[in-house]
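Novice: Here is what each chain is made of, one letter per residue.
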Amino acid sequence: MSDTPVDASKRTWLIASTCAGAVGGAAVVVPFVSTFQPSEKAKAAGAAVEVDISTLQPGEKMTVEWRGKPVWIIRRTPEQLETLKKTEGQVADPASDRTAYPTPAYAKNVHRSIKPEVFVGVGICTHLGCSPSDKFQTGPQPSLPDDWQGGFLCPCHGSTFDLAGRVFKNKPAPDNLEVPPHMYLSDTKLLIGEDKKA
Amino acid sequence: MAEFKEVSPNASVGEKLLNWVDNRFPASKMYKEHLSEYYAPKNFNFWYFFGSLALLVLVIQIVTGIFLVMHYKPDAALAFGSVEYIMRDVPWGWLIRYMHSTGASAFFIVVYLHMYRGLIYGSYRKPRELVWVFGCAIFLCLMAEAFMGYLLPWGQMSYWGAQVIVNLFSAIPFIGPDLSLLIRGDYVVGDATLNRFFSFHVIAVPLVLLGLVVAHIIALHEVGSNNPDGVEIKGPNAPKDANGHPLDGVPFHPYYSVHDILGVSGFLIVFSAIVFFAPEFGGYFLEYNNFIPADPLKTPPHIAPVWYFTPFYSMLRAITSEMMYALIACVVGGAFLGVKNIKMPAIAKNAVIGAALVVVLLMLSIDAKFWGVVVMGGAVIILFFLPWLDKCEVKSIRYRPDWHKYLYAVFVVNFIVLAYLGVQPPSPVGERVSQVGTLFYFGFFLLMPWWSRLGQTKPVPDRVTFTPH
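Taken in sequence, the protein lines are chains A and B.
Note that the working numbering gives residue 49 to position 49 of the first sequence, counting from 1, and the numbers run on in steps of one.
Note that the working numbering gives residue 86 to position 86 of the second sequence, counting from 1, and the numbers run on in steps of one.
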């Protein structure tokens, strides 16, 4: 270090210009990070989907794509609806009170659907986004409890859901399967992605 | 500026050229510092091959990667087809692709063995902390490289693997959902995600990786290599010859450069055998489900990450809401023992109790899913702190109490068991075992400041153990 006395005004200007430079540098980061956001094109692609469910038989499931995600439509049999009473005590959030994926008011009931037999849900596990597999067969089988009543098993981390998409207790997934906004256009025509409120 | 050197007018053209360069660039100086006069301990064993092998695999990955990019198309509609095009239509494309995919697994094998070497011989201890820290950063970069590269073939495992890992970020409270949106660039993993992962995989991360490798080697050559005895060959009391060179050291070139060629030959024999005869390696190096194009509507019935991520994946799966009670008990127990047994001022004790309370409250209020992510990330991050956790008097496993060896053996077995469970479908027994394994993994590191002090160490010799042959 030299013994030259500090030139206070020079130092002030150095500090000021360094700060101004840092602010400018930080500001340049904004446009770069912004490019990571979904593009306008991606935001625009999210229209509601119309589905004809007239050919869906009891006990069958169909999958349609909405916003790039699988949406399941299941016509449950009376026996399958009956199992929801048995699973009531084993699921983590039986009344769908959690708000991470709010269940629409018209589906906040025992069967989590508008029509009791027709379940409409997003087939994406609320844990890490895998699509659970159908396990409609009841009884003991690998990765499932012995008193299995039928439902879904997520292949990634073993979360299980009952036939109303309610997650069982003590599983990695915190929430029930999402019920998307949906409405009936007619008795056999479903609109997924929009409901009457909107 | 250094002094300008002259060579005699009778010198050969080569000597004149070298002198011309040396006056403008430290070519000879660097050659001496890093090769011909870099003294490495003469007692290196088999474990010391893996550093140079990691460098070799890095070169293989960069070269094959450059050639793959010439034919690959980073577009969700074309990516899968372009990889098949490389495999079937590009002349010798299959070889380049298999070298790259096998190279990825080879990289992790070599790096895990390299890290294990550091672990048992205490190569992370003072003054080599930064060598270890740079190495851990390289390991993190490698994981990022492997993860983003695995999306590029756009198969089912690519797609759903990326879906799961990106969703890990959405478990972070408050900012998580927006963060994962920012990573994907779309509401689901899609074309935007593929394009940015391609950019990161081929340019951004490799640049950082190369910089870290240079830093790793510069730091190593500054402090000198450790050795199986953990004896400092360049320390102030170490025996030296008349020129001040360590008696227990030998110039890296030509001895170790030739020595490493043996390692390279052995490695290439195994590597080629896999590339030519078992490139998928039974579904471990290339998973069978990845030969099915990505389908956003259907997850394959069994998804697991590639083998090198599975120990950490097991730990992620181990964190269920039940496991949270065990973790809360650990936090409470740790705070209690800390306050009871460690001497500290009253204010620090209160701070410890307060911090433990806050952590427990957070653990009760935030989902297990988030803590699973914390545990998985923590399992890698904790490695960075190893130099400051180990309080043993001696560096090398050779002079540690015998029971340390058993503990390290259990650590290795535990890591392999976790890796095995990570490729298996979830099961109740597997879940319990991985929970115990996770507690052991963290216990090994977090309790190291205590257990590493226990037991009677053996006397460390003044010179390295070496028999000329």
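Hints are computed from structural coordinates only; laboratory data are not their basis.
Wrong hints could be hidden among the right ones.
Below, a list of computed lysine-lysine pairs in the BS3-like style, where the Cα atoms sit at most 30 angstroms apart [as the list claims (entries may be wrong)]:
id, chain 1, residue 1, chain 2, residue 2
1, A, K86, B, K298
2, A, K169, B, K298
3, B, K42, A, K41
The structure presented is a predicted model; accordingly, all values stated were derived computationally and were not measured.
Novice: Now tell me, hint by hint, if it's right for this structure.
Specialist: Here is how each hint holds up against the structure:
no., hint, verdict
1, K86/A x K298/B, "holds, 28 angstroms"
2, K169/A x K298/B, "holds, 24 angstroms"
3, K42/B x K41/A, "violated, 62 angstroms"
Violated hint for the displayed structure: number 3, the only one.
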